[in-house]
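Asks: Using the hints, position chain Y against chain E.
Listed below are the residues making up each chain.
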Amino acid sequence: MFDKYILVDGSLRETADGFAFDAMLGYYRGLGLSMIEDLVVSIDGDPVSRDAISFDEGKGPIALDDMEQAYDRRWPFGNKATIAVKRPEALGAGDHRLSLKEVLRISYLPFPLVAEDSKMLTLAPMAAA
Amino acid sequence: MTSTIKRGVSLYSFQEEMFLGQMSVDDCVAFAASIGAKGIEILPEQNIPNFPDISDRDIAQWQEMMARHGTHLTCYDMFLDTKVRKDRLMSDDEQVASIRRDLILCNRFGIRNMRVLVFVRPDILERCVPYAEELDVHMGVEVHAPWHMEHVWILRTVEVADRLGTKHLGLLPDMGIFMKNYPPVFRDRFIRQGARPEVVQFILDQHAQKIMAEYTIYEVAVKMKGNKAEVAMAETLRHHPYANPRRIRDFIPYFRHIQAKFYEMDADCTDPTHAYEEVIYELVAGGWDGYLSSEYEGNRWVQDVQPVDSREQVRRQHVMFDRLIAKAQARIAAQPAG
Chain E
1 MFDKYILVDG SLRETADGFA FDAMLGYYRG LGLSMIEDLV VSIDGDPVSR
51 DAISFDEGKG PIALDDMEQA YDRRWPFGNK ATIAVKRPEA LGAGDHRLSL
101 KEVLRISYLP FPLVAEDSKM LTLAPMAAA
Chain Y
1 MTSTIKRGVS LYSFQEEMFL GQMSVDDCVA FAASIGAKGI EILPEQNIPN
51 FPDISDRDIA QWQEMMARHG THLTCYDMFL DTKVRKDRLM SDDEQVASIR
101 RDLILCNRFG IRNMRVLVFV RPDILERCVP YAEELDVHMG VEVHAPWHME
151 HVWILRTVEV ADRLGTKHLG LLPDMGIFMK NYPPVFRDRF IRQGARPEVV
201 QFILDQHAQK IMAEYTIYEV AVKMKGNKAE VAMAETLRHH PYANPRRIRD
251 FIPYFRHIQA KFYEMDADCT DPTHAYEEVI YELVAGGWDG YLSSEYEGNR
301 WVQDVQPVDS REQVRRQHVM FDRLIAKAQA RIAAQPAG
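Going line by line, the protein sequences match chains E and Y. Everything in the first sequence is counted per UniProt numbering, starting at 1 for the first residue and increasing by one. Everything in the second sequence is counted per UniProt numbering, starting at 1 for the first residue and increasing by one.
One chain only, chain E, in its complex shape (with noise of 0.2 Å):
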């Protein structure tokens, strides 16, 4: 319902171990960190894995298999949260193919929710130190 929102423009960023960006919640309600059943990342094509991967709706990182039990977080209706990814070298600056996959456990509906989007968004160089 929101799929071509959720990645938010222009939030790509490097990190001190690798990269991060803004994200919505692909739902138009907010949900219980418990109930985000994956978070699939791709950068340029090369598929992310689970463990690399960290979310913060603004109480602190948390990783994807510590949300699991996380029933005392939310993400917010309409609230950016971000999400860190580990990697080992800089991916550089200029422009990336990010694509991200929310699978949600929605009680409701007999099958998880996915909300999914891709957008080529550009790196600005790292501040100068």
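Each hint should be verified, as a subset may be incorrect.
[Stated by the list, open to error] Residues of chain Y placed beyond 10 Å of chain E at every Cβ, according to the derived structure:
#1 N47
#2 K86
#3 E134
#4 Q335
[Said to hold, decoys possible] Covered stretches of chain E, going by a simulated chain Y footprint (3 or more residues, C-beta under 8 Å):
#5 32-44
#6 66-75
Hint data in this document are derived by calculation from the structure and do not stem from the laboratory. Beta carbons: idealized from backbone N, C-alpha and C, even for Gly.
Replies: This is chain Y only, laid out in the frame that chain E set:
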């Protein structure tokens, strides 16, 4: 006779603009008030970022907002996360506790109607009736397509309500169950996704004849070797029955609120899809006095090609409500007394 049907809006209608940060809740309420839609239906899990930790101050702010716009809260849309845990479903006790939490929140907001998701089990709701009675909140099970008023799953809730003799458990119809014509916005989206004109026309013709969905799906998927968009279009038929509008009058004692689902309103303020004229006639003739609460769900069908204007869509639906209520009253007045 003068109808006492009231007009309102669910904040669900403005999901596109709220998601994109183009409208705040206050903007939505102000707009509803401006078109005379004084009843506001909320989705706390959408509209209250700190849900379920809602303070008295939060509630006072909502009540102040309602007073400022001359509106009031009509309905609370609950959710039930039976799959909150990956390893097991919620126990029955946990489900009752979650629903009780929502009933208490309803009561704190001063809301007397709660929309219950259709998948919630009737025996769980039976256990919640004492709380609903104590807190004076009507639990209305959402009659949502592909269910309909006389579906046996829905009748199980009616049976519980009858057996308990309670006024606090019943139904809450979603007008999506009255899909008379295939929505043009669905058709156009599938064409943009690659559905071929001759297959699209076949599906429309099948729907116009009210042929059961499975026949059409098999024809499109197997015999016509339909592509992804064509099969998806055929499969929409499975989820959109056209229930008989005349039956809704029989259920008036069980519902106090209606989710007035729509996908698109034409420029002349008609809904090309749902049987509103037939349904509103039955509601007026039956003396129903609840809220018709707009539920615009067309954004997802047009957002790929045009900016979504939920306000204009909702405004047109309310022009239609006024027109069809007046028309029903005139039709009833013209009937011979007897």
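Asks: Against chain E, does N47 (chain Y) hold up as non-interface, every C-beta pair farther apart than 10 Å?
Replies: violated, 8 Å
Asks: Say whether it holds or is violated: E134 (chain Y) keeps its Cβ farther than 10 Å from all Cβ of chain E.
Replies: holds, 26 Å
Asks: At a Cβ distance under 8 Å, does chain Y reach at least three residues of the region 66-75 of chain E?
Replies: holds (count 3)
Asks: Just double-check Q335 (chain Y) for me: nearest Cβ-Cβ distance to chain E has to come out over 10 Å.
Replies: holds, 42 Å
Asks: Would you assess whether K86 (chain Y), listed as outside the interface, keeps its beta-carbon beyond 10 Å of every beta-carbon in chain E?
Replies: violated, 5 Å
Asks: Count residues of the region 32-44 of chain E with a Cβ under 8 Å from any Cβ of chain Y, then say if the count reaches three.
Replies: holds (count 4)
The structure fails to meet hints 1, 2 from the earlier list, while all remaining hints are met.
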